[in-house]
Amino acid sequence: MSDLALSTTAPAAIGSGKRGLRIVQFVSIFVIALVMISPLFMLLIASLKDDRFQILADMGSFRAFWVSDPTLSNYREVANFSGELAYGRYLINSLIILVMTVGTGLVVNSMAGFVLAWGTLRGKAVLLAIVVALYVIPQESIIMPLVVMMSRAGLTDTFAVQILPWVASPLYTFLFYQFFAQLPKELYEAAEMDGASTFRIYRSIFMPLSLPALATVSILMGIESWNQYLWPTLVTQTDYARPISVAIATFFGQDSIFWDRAMAASVLMMIPVLILYLAFQRWFVSSFVGSAVKG
Amino acid sequence: MTVENMSAPRPAPGAKRPGRRRDRQRFWQELGMIGPAVVLMAVFLIAPFLLSFWTAMTNQPLVPRPTPVRFVGLLNFQRIFSDPLFWTSLWNVTRFTIWVIPVQCGLAFLTALLLHQKLPMRNLLRGMFFLPAITSMVVVCVIWGTLFQYPSGPLNQIVGFLSGGTIQPIDWLGDPNWAMFSIVLLSAWQAYGFQMIIYLAGLQGIPDELYDAARIDGAGPLRRFWHVTMPGLRPTHVFVLVITTIQAFKLYTQVAILTQGGPRESTETVVHYMVRSGFAEQKLGYASAVSVILFVIVLVIALLQRQLLRRFDV
Amino acid sequence: MRISMGNRLLSVLSASTALILMAGSADAKTVVTMMHQGDPGWVKAYGDVAKRFEEANPDVDIELIYAPHDAYNEKFSAAVMSKQLPDIMELDAPFLANYVWSGYLQPIKPLVDKDLLDDMTESNIAQGTYPIDKDLYAIGLTDSSVVLYGNKKYLEAIGARIPKGVDDAWTREEFEGYLDKLSKLDGVKWPIDTFRGYGIKTEWITYAYGPLLESAGCDLIDRKTWVAGGTLDSETCVKAMTMMQDWVKKGWVVPTSSGTNQFYAEGQPAALAMGGHWFYAEASAAMKDNIVVMPLPKIGEKGVSPNGTWIWGISATAKNPEIAGKFVSFLLKDKEYRDYAKSQSAFPGLKSFAADSPLYAEGGPLAVAFEQASKTAVARPPHPAYPTLTSAFMQAVDKIFNGSDAQEALTTAAQKIDEDIEDNAGYPPFDEQQ
Chain A
750 MSDLALSTTA
760 PAAIGSGKRG
770 LRIVQFVSIF
780 VIALVMISPL
790 FMLLIASLKD
800 DRFQILADMG
810 SFRAFWVSDP
820 TLSNYREVAN
830 FSGELAYGRY
840 LINSLIILVM
850 TVGTGLVVNS
860 MAGFVLAWGT
870 LRGKAVLLAI
880 VVALYVIPQE
890 SIIMPLVVMM
900 SRAGLTDTFA
910 VQILPWVASP
920 LYTFLFYQFF
930 AQLPKELYEA
940 AEMDGASTFR
950 IYRSIFMPLS
960 LPALATVSIL
970 MGIESWNQYL
980 WPTLVTQTDY
990 ARPISVAIAT
1000 FFGQDSIFWD
1010 RAMAASVLMM
1020 IPVLILYLAF
1030 QRWFVSSFVG
1040 SAVKG
Chain B
79 MTVENMSAPR
89 PAPGAKRPGR
99 RRDRQRFWQE
109 LGMIGPAVVL
119 MAVFLIAPFL
129 LSFWTAMTNQ
139 PLVPRPTPVR
149 FVGLLNFQRI
159 FSDPLFWTSL
169 WNVTRFTIWV
179 IPVQCGLAFL
189 TALLLHQKLP
199 MRNLLRGMFF
209 LPAITSMVVV
219 CVIWGTLFQY
229 PSGPLNQIVG
239 FLSGGTIQPI
249 DWLGDPNWAM
259 FSIVLLSAWQ
269 AYGFQMIIYL
279 AGLQGIPDEL
289 YDAARIDGAG
299 PLRRFWHVTM
309 PGLRPTHVFV
319 LVITTIQAFK
329 LYTQVAILTQ
339 GGPRESTETV
349 VHYMVRSGFA
359 EQKLGYASAV
369 SVILFVIVLV
379 IALLQRQLLR
389 RFDV
Chain C
11 MRISMGNRLL
21 SVLSASTALI
31 LMAGSADAKT
41 VVTMMHQGDP
51 GWVKAYGDVA
61 KRFEEANPDV
71 DIELIYAPHD
81 AYNEKFSAAV
91 MSKQLPDIME
101 LDAPFLANYV
111 WSGYLQPIKP
121 LVDKDLLDDM
131 TESNIAQGTY
141 PIDKDLYAIG
151 LTDSSVVLYG
161 NKKYLEAIGA
171 RIPKGVDDAW
181 TREEFEGYLD
191 KLSKLDGVKW
201 PIDTFRGYGI
211 KTEWITYAYG
221 PLLESAGCDL
231 IDRKTWVAGG
241 TLDSETCVKA
251 MTMMQDWVKK
261 GWVVPTSSGT
271 NQFYAEGQPA
281 ALAMGGHWFY
291 AEASAAMKDN
301 IVVMPLPKIG
311 EKGVSPNGTW
321 IWGISATAKN
331 PEIAGKFVSF
341 LLKDKEYRDY
351 AKSQSAFPGL
361 KSFAADSPLY
371 AEGGPLAVAF
381 EQASKTAVAR
391 PPHPAYPTLT
401 SAFMQAVDKI
411 FNGSDAQEAL
421 TTAAQKIDED
431 IEDNAGYPPF
441 DEQQ
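Chains as they are written, first to last, in this note's numbering: chain A, 750 to 1044; chain B, 79 to 392; chain C, 11 to 444.
Because the hints were derived from the structure by calculation, they are not lab data.
All C-beta atoms, glycine included, are put in the ideal place defined by N, C-alpha and C.
Treat each hint with caution, since some may be false.
[Claimed, not checked] Facing chain B, from chain A, some residues (calculated, C-beta under 8 Å): (1) T922; (2) A930; (3) Y951.
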């Protein structure tokens, strides 16, 4: 196992001493992690406070990090699945959009990245430069023309309009390119000598080796899709395809921000993405590259 | 196997020429594989962006108005270049980029190294370090707005305590000299998880054999780090650097929520300037011109960066 | 692995296509769309009213389109650009002139019940009126105002005079004198909170600070010639802004980054608060009866207070304007909607609603605010260049409060406003108005 990037353990140290060291290591990293995420405790604490005016009054002091009588009432209120704001519905919408975007995005971007890395197409270098250039375009600058295009295409208020524009992504094509390009060229050459077609090399040899890249893109793309806010606001009209991020914005109202429920909703909204992350980051554990090269 | 194999790809067409039919087949397959991405990007990125090149040369308002849309040539560009606020915003994002890259990428690299070890409950630790990255920016801004509060917010109390009261409370977001730095802190904290998992994937790509070989050669942990980990991560470093630079130049959301470009224009960024002129002031033509300028500037920087780094690569 | 993923994708795709087709199946009902913003309470209130209306009018289907407050302008623009303007829309009053000039709204008088029109307060009429044809284009149940909240204990400690009504509001000399005294009082960290913490995105600055300029005797723009140069950067305005800058320099004003809760947070560090009517709810929750509500001070000869809030207009493209008007009338008269508005301490814009709101009635804690609405309220400049005007003014104030020269900042803002007006050929017929 490759546990040695910055391992402080000497290779010879085996046995009980090593175990003690591991525990020290774990505890110190755990403490660092706690410090890093300590600002988030404020979110959690506020979500357990019942009185939104109290949350307001506590802001800006350490009292924002303490709750004397925690309650789950905010969560109960947010997690309703019926009525005018049925968050369950929005949650499912968001999940559909996420799964479709990431699912198709993985295929489309990895194929493009593969061709950019190993293909023989002419003008490949130009294409790659264009991909980098496209990443430079800020979403804010194309959003209005895009709205007009989509409404002319009759796609307003659909799932498609929230999925299609974000499937092909310069960033993730570039990321896949980077990853594939890193793999040793013997892999490609050997397969080609065996008479495998380009698509077959991609599918049967490079993809199975790319679990870390696939995991990275799934996670990053998933978060991006999950947190999309301005775009779905502009292209959805009704509850039909509206995602949770837009629904949650109701708590951040005009005169009065419903901090209590806004915080609870924000915590709840993090959970699915956290699950996504934990599910996919397992793919980091197994590295096939080494053994494949060896074999 | 040597380290050389890990560097940039030079996919030489095989030693034997596989014949013309195979070439044709390969051509169509490659086209089919890259096609979907090309088409989708052309429709959803290139087309609307080309439109904004045209819009940039008109006085088009955000929404249709009774007054006619006119072609105004380079008037918008002229006005932008003669607006001191535009130059301020450009300087501000440059400052932001220079500061945020070492902080954010450094943080990401260190945490990735920490987590790329055999640890008890590694998934828990990885999950914890990744939490900020999945928190929505609105919430992050609310939290940090409280941490930054002047004069008695948590951050000021910590600074005061650590310095034994010698450092006066800092108006993190309200002092023009500090505001951008505060945005850097918040941004790096929110986004380091992004680069962290790219680094984790990169570390995963370094074959164990390299470490084994180095160990047999008697290399200690530090030497293994310098001679195996760092060279193995070179492409990842380049990627992370280019991506982070581009992201940094697009800085917008945090600023829009927390400071709206203030105090005294010290956090005005190019995208914020663009959104304000396009949406708040409804001058779409003008805003399009800003986005064209930003595009050209960042593109030049990104390509230069890649070229430079590639030179060092060999 | 890829094949099974492809299959799954396909099945999800076909399922969602089926959903889309189902949603497309139309019924014979007349559909009226209404775009609105608001927190979950309001969303629910509108939904309930729509249901009641549909029960009473079975052939009508009210479709509510929610748009988040912070992205409302963008959403509105997107609706215009994609030709999907709703039949009824909620709009922020100062933007009314821009919308009417652009041709998005139609006169609302013929469409809503006459008794509602008679029920409107002066200020409510002002916020819904387009200055060119003096016609009414929008109507609301509510309105707004800004008052001066005071910490009773602190004010007693310095022996400040508590105004009884709008007519005996503090003068500038009194006001600055009290600020000075408060700054020396124990327990007071800042004499006043002007809510700089709201930032420069939310209309707050133009809404709340503009009236101070008007009270001093100048304005954001000349309301006859519609030129900002010579008015916004006039000596009177520069002096008024410099006065506020002085307060900031002396450390009298709560800084931007100290939040918006310093009036009532632990220790009550801010003695006065120039806050909106909505601030009363959060402040009184923490301070109980240690609050006095006073009219805004007179900086010059006359007192001026802001008004305007989110009101209802009917779009020019509405397919069934009569039915849309009928629904607006139904909404404004709906008892439960009014009850919810009351529970949110909404500021009344209809006389009958005012009579029913103890908070604003004679002797109520916010009676002064309601008195202001009839005596000193001045709408923000009703001109199609308002989007640029407010953006430029907010930037200028941010610069001035952080130490820039007032003359320079205001001149830059005035130039920007006038440039916008020129670019639009004077927004005819505003250029002919004298």
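Hint by hint, where does the structure go against what was stated? Just the numbers, ascending.
Going through the list in order, the structure violates no hint and respects every one.
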